[in-house]
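Position chain B against the provided structure of chain A, taking the given hints into account.
There are 2 protein chains.
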Amino acid sequence: MTKDEIQSVALRDVQVADGFFSRYADLVREEVIPYQWEALNDRIPGAEKSGCIRNFRIAAGQETGEFTGMVFQDSDIGKWLEAVAYSLTTHPDAALERTADEVIELLEAAQREDGYLDTYFIVKDPKNRWKCLRDCHELYCAGHLLEGAVAYWQATGKDRFLNVMRRYVDYIATVFGRGEGQMRGYPGHEEIELALCKLYDVTGEKKYLDLAAYFIDERGRDPKYFLEERKTRGDAFHWEGNDAQGMEYFQAHAPVREQTEAVGHAVRAVYLYSGMADVAMRTGDEGLLETCRRLCRNIADKRLYVTGAIGSTYIGEAFTFDYDLPNDTAYAETCASVGLIFFMKRMLEADGAAEYGDMMERALYNTVLAGMAMDGKSFFYVNPLEVFPEADEKDPSKRHVKTVRQKWFACACCPPNVARLLADLGSYIYRRKGSAVTADLFIGSRLALPGGAELIQTSEVPFGGKVTFTLRGAAQGFSLRVRCPEWAEGVTCTAPCRKENGYIAIQKDWQDGDSVTLVFGMEPRRIYANPLVRQDAGKVCLMRGPLVYCLEEADNGANLHLLRLPEGEPVEAVRGEGALFGMTLLRAKGRRFVPHGSRLYAPDRQGREEEARLTFVPYFAWGNRDKGEMAVYVRE
Amino acid sequence: MTKDEIQSVALRDVQVADGFFSRYADLVREEVIPYQWEALNDRIPGAEKSGCIRNFRIAAGQETGEFTGMVFQDSDIGKWLEAVAYSLTTHPDAALERTADEVIELLEAAQREDGYLDTYFIVKDPKNRWKCLRDCHELYCAGHLLEGAVAYWQATGKDRFLNVMRRYVDYIATVFGRGEGQMRGYPGHEEIELALCKLYDVTGEKKYLDLAAYFIDERGRDPKYFLEERKTRGDAFHWEGNDAQGMEYFQAHAPVREQTEAVGHAVRAVYLYSGMADVAMRTGDEGLLETCRRLCRNIADKRLYVTGAIGSTYIGEAFTFDYDLPNDTAYAETCASVGLIFFMKRMLEADGAAEYGDMMERALYNTVLAGMAMDGKSFFYVNPLEVFPEADEKDPSKRHVKTVRQKWFACACCPPNVARLLADLGSYIYRRKGSAVTADLFIGSRLALPGGAELIQTSEVPFGGKVTFTLRGAAQGFSLRVRCPEWAEGVTCTAPCRKENGYIAIQKDWQDGDSVTLVFGMEPRRIYANPLVRQDAGKVCLMRGPLVYCLEEADNGANLHLLRLPEGEPVEAVRGEGALFGMTLLRAKGRRFVPHGSRLYAPDRQGREEEARLTFVPYFAWGNRDKGEMAVYVRE
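These protein sequence lines map, in sequence, to chains A and B.
Per our numbering, the first sequence starts with residue -8, numbered consecutively.
Per our numbering, the second sequence starts with residue -8, numbered consecutively.
It should be emphasised that the hints constitute simulated quantities derived from the structure, not laboratory data.
Check before you lean on any hint, since a few could be wrong.
Intra- or inter-copy, both count: the list cannot distinguish identical chains.
With a straight-line Cα cutoff of 30 Å, these simulated DSSO-like cross-link-like pairs (lysine-lysine) come out [claimed, not checked]:
1) K215 with K499
2) K618 with K198
3) K293 with K499
4) K385 with K530
5) K530 with K293
6) K499 with K118
7) K385 with K222
8) K215 with K385
9) K490 with K215
10) K530 with K618
11) K580 with K530
12) K580 with K215
13) K424 with K149
14) K222 with K40
15) K530 with K149
16) K368 with K398
17) K457 with K122
18) K222 with K424
19) K293 with K222
20) K122 with K222
21) K40 with K398
This is chain A alone, in the form it adopts within the complex:
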């Protein structure tokens, strides 16, 4: 498949107008992007200093002082500029663009003669450039800046940032590779691979694709580069603590083509797999694509939370092993689900199987949206499926679990990742080849078609099942396929249709003004984890449409573990109120075990079950009321 054969749509061709998602897109534009700009400039009272912009000023000689923040602090501005670029694409804003232009000028001023651009090593540790690829995130930061540069060029047509990054990447291409005098290194945190493919797509220069392919294929070979480089650093890494994680943490335990399980740091893993799929599509590398399918299968079948989260342990923020999906100690990082969506987008482009769309939707509607408060002002990094505030406060092994969303974190990875995904959401809804359109997501939007025609989608998802597609204008040979979501138990369609590879192909000769309406069954569903998932034995969770539901203390009182939802009890959909107004909640008759007695161990259960009305709220909306317990799974 050449890059022109990859089915996708440009963000500029899609306008999102959705009853559910537009509010999130507005929040990103109106709250998150401006807030992050203040944060990057150290202007948030009481917040830890980011130092990000200041680091670039110091690197550019415009200010004196010391480097502030993490070794990967530069990535924040890359992610911010990427989100800004998407926002400018859909919502032009001269003042915001001016701000972005100014910061791009600053980046250019900070760039070294040779193209190098990483403020940590420019300002703080110039002698150790490229000396600890395992920990020091230089290629990771370069990747994020590069994604920002490509997006900014696509959004504005201005090439200053793109040129800065081309100079940097051209220099990187001289440093790394298998040629004489080159370093055989690869990044400790993957990211640049997928960014290089974006640069290849906009420039057409094969050397960028080659560099991405090099980083991917060099990874995990013997002798292990990360162990070799350690020797040059007095036998020490930048973050020696990471050592406990072993090479799996970095997905560098084996050459990528030999890897069969998703392992290590979950964000790194899915960024790598995204880059692998990008390269495989563009080079027609079927072996590499097969590796992507295999790793995706392992996640989908054995290492994925029902909420679309990944990463079972906070130690290394990592995958553990098959069917190990603890609810209360999960890491389930927001960024990892964002990365999973990146990966699934590419698998859709490469393979077009509907189940990739199902996974994308699962991660988007549940974990990613849960990552952000409904007012866009606070964020979860960690998205457990069960929360008991006393444990999260008093059990040190659950200290990573926050029971209320936090304003911003010193390590600002998740909020800007959510921002750039939601700002770019339009490009995830459709794939297109000429006038043949595939709709992967049910998000109200207008898609521009060749020749000035438009496809208009209106959608009630996630709370309703009705989705309508209307064609405006004449589109030669227009055809439409719609993903048949795994959650739809019944589907009706107003036009003749046929199921193909998980998609509903509409059998219709489309004319200007034609509409087709699909209605997906939205009955509440009891969902069971595979019996090999120990943590969920004897338990059930509820879903409706793409949404996973959960119990909250706000509706059900304390001690959620004493509740039970007996088999066979009907579950009904009801309207939410107050903070949950406009949402569909679920309600069922259940049982509450009412404890009496104070013995720690007794020959009787010390209590009895009573009838109780159970209320379930969408998982993405949890934690928007008072602090309290939450549980996705309930005993059946």
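Coordinates of chain B only, in the frame set by chain A:
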């Protein structure tokens, strides 16, 4: 209560001859003590070097070299000599005594002029003596050596070691206290408090009791000593990492009399509480005793595993919060249960309530015995109530859980602690005041009474319920009370008797040769944790007599979480075979969920339940066959 009023018996007055425990006592004498001696002398091929004896030789100027091991390495020889002393008391052994005498000579040679005796600071870091009480274990090591010295004097009548330690303690008493020029410090790891009370008991010198009382009462006062001393060390602790634990880790968050919950490192906590009870009894300090009762209540009612283990998290090897008793990530250290037994012995002496005996028995028969393999050659430090080997190997948050017992550990705390407890077991069975005897444990033994009479106990516990007491000889005013164990649902007694404070007081005028037999009901019991213990919701465990039972993969196949023991199914006692020969196992008809289907999430359970024969083995005996899963709790 004066020290003479404390009801206890000397080890030398008790001879253990028990069908169940004598084997363990033999193992300690024949396997553990000799093995540990080899370990202390670095003569175990392939094992990490202890360096313990060598450190003393270097300190004594008999060898040159560097200090080996942990900062608390000296404590090992204290615990070893204590176990040796108990062993010599019950089983004289001239060669072993000669070895002990030689090592005591070495300790004396290593002692400094001023009485100081800690090889880490003598050999490695002389400038920092007493500079980091929080982490450096000097007073802890002194306490263990002191316990050894008292025991050795009691066993042999030789006072060399006792005099060495008196010199050391006399010096310590000049260093610490509230007088002018004294340090207001106290130990980071409690232990010396209870040891000082032993020294007080054998010498009658009140200053030792005063020093113990000082350490206890100074603890946790403001300003916090550990924070003050930090300033003198360039604002750094010996183990900076401990800092994350906070003052609760050291039970130094508040003055001990204000403490209401058992917190922090579990071993430290129960050693402290033991010392507090010792001081309270000897000074008649009712307020301090009330604190002990309160802390004991908190453990008994809210922080104790059904196996008598304590310590819910490996992070800080610590208590967490009420009703938090995770089965698979428990720390449940063997040493902590040994310490709990120390504490309960003192509470029995102080208060005489049977429930202290129940807790002692629970810890002894389950966690402590599980800590040692049935051949005495390998040990568990951590005693979880659920083991899934794949998780313990692949989930880094369970790395502390070993699925097979280990030969010996670099930090040799648990094996010598088990050894010194089992070697001293005779002193835990009875309390005596004149000829009034109380039997707290059911262990076959002979107790020497004043005037040459003897009380002989024969016992079938833990597998049978029959216990017989026989008086040999004439004992003026002899009376007998027997603890009525919480596990005995029915009791028969061949003599008239009366229940008093949890004890069965035999109403009898005893004559030479008289016997009384009690039979405790030994029906298998279903035991439920309090409903507020989240981890055990919907689950049950089995007990019979004092023994907790568990499922093992060896009998029940893999995936123990798929098993269920439905309510009402009868449980029968059966004979063990092979490695479990001589034991009573439990058997019941249960259900096994047999999985089919490979979907990670599905609207059905992907399997069906079949009838299954469940076999439960005593928890203390788990892990004596092939490596595999284990679970105490099973879904009901």
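Consistency of the hints with the structure:
no.	hint	in the structure
1	K215 with K499	neither (56 Å within a copy, 80 Å between copies)
2	K618 with K198	neither (52 Å within a copy, 53 Å between copies)
3	K293 with K499	neither (39 Å within a copy, 68 Å between copies)
4	K385 with K530	both (26 Å within a copy, 24 Å between copies)
5	K530 with K293	both (17 Å within a copy, 26 Å between copies)
6	K499 with K118	neither (65 Å within a copy, 89 Å between copies)
7	K385 with K222	between (40 Å within a copy, 28 Å between copies)
8	K215 with K385	between (40 Å within a copy, 22 Å between copies)
9	K490 with K215	neither (47 Å within a copy, 72 Å between copies)
10	K530 with K618	both (24 Å within a copy, 28 Å between copies)
11	K580 with K530	both (16 Å within a copy, 22 Å between copies)
12	K580 with K215	neither (57 Å within a copy, 53 Å between copies)
13	K424 with K149	within (27 Å within a copy, 96 Å between copies)
14	K222 with K40	between (34 Å within a copy, 28 Å between copies)
15	K530 with K149	neither (55 Å within a copy, 64 Å between copies)
16	K368 with K398	within (6 Å within a copy, 54 Å between copies)
17	K457 with K122	neither (55 Å within a copy, 73 Å between copies)
18	K222 with K424	neither (51 Å within a copy, 70 Å between copies)
19	K293 with K222	neither (37 Å within a copy, 51 Å between copies)
20	K122 with K222	within (10 Å within a copy, 36 Å between copies)
21	K40 with K398	within (13 Å within a copy, 50 Å between copies)
Violated hints, in rising order: 1, 2, 3, 6, 9, 12, 15, 17, 18 and 19; the structure is consistent with all others.
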